[in-house]
Amino acid sequence: MNLNQIINMIIRMLVRRGINWGINKGVGMASNRGKSPQEMTPEERKAQQTTQEAVKRARKAARITRKL
1 MNLNQIINMI
11 IRMLVRRGIN
21 WGINKGVGMA
31 SNRGKSPQEM
41 TPEERKAQQT
51 TQEAVKRARK
61 AARITRKL
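At position 45 of the sequence shown the residue is numbered 45 (the UniProt record's numbering), and the sequence of numbers has no breaks.
Keeping only pairs whose Cα atoms sit at most 27 Å apart, straight-line, the calculated BS3-like set for lysine-lysine is:
hint: 1; residue 1: Lys67; residue 2: Lys25
hint: 2; residue 1: Lys35; residue 2: Lys46
hint: 3; residue 1: Lys46; residue 2: Lys60
hint: 4; residue 1: Lys56; residue 2: Lys46
hint: 5; residue 1: Lys56; residue 2: Lys35
hint: 6; residue 1: Lys56; residue 2: Lys67
hint: 7; residue 1: Lys35; residue 2: Lys25
hint: 8; residue 1: Lys25; residue 2: Lys46
hint: 9; residue 1: Lys56; residue 2: Lys25
FRET-style restraints, in silico, Cβ to Cβ:
hint: 10; residue 1: Gly18; residue 2: Ala62; range: 16 to 22 Å
hint: 11; residue 1: Gly22; residue 2: Ile64; range: 20 to 26 Å
hint: 12; residue 1: Asn2; residue 2: Gly28; range: 36 to 42 Å
hint: 13; residue 1: Met13; residue 2: Lys35; range: 32 to 38 Å
hint: 14; residue 1: Ile19; residue 2: Gln52; range: 17 to 23 Å
hint: 15; residue 1: Asn4; residue 2: Pro42; range: 52 to 58 Å
hint: 16; residue 1: Lys46; residue 2: Leu68; range: 31 to 37 Å
Think of the hints as simulated: they come from the structure by calculation, not from any bench. Bear in mind the structure is a predicted one, so any value in this text is a computation, not a measurement. Ideal Cβ positions, reconstructed from N, Cα and C, are used throughout, including at glycine.
Working from the sequences, and respecting the hints, build out all of it.
Here's what the structure looks like:
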């Protein structure tokens, strides 16, 4: 591998990590609806937890599908 390929690989890894971080933050904000857990009612907290579990299952299913 030459230096250009190594640099491109590192940049791709960093960009991928940054995009994943942003997507995770966005999903978290959407499931929280912009509120902190202290501001939520128990029903809202339960709905947020359910949403996060559904997202986790969807990610897992996507990972399994990619392997097939």
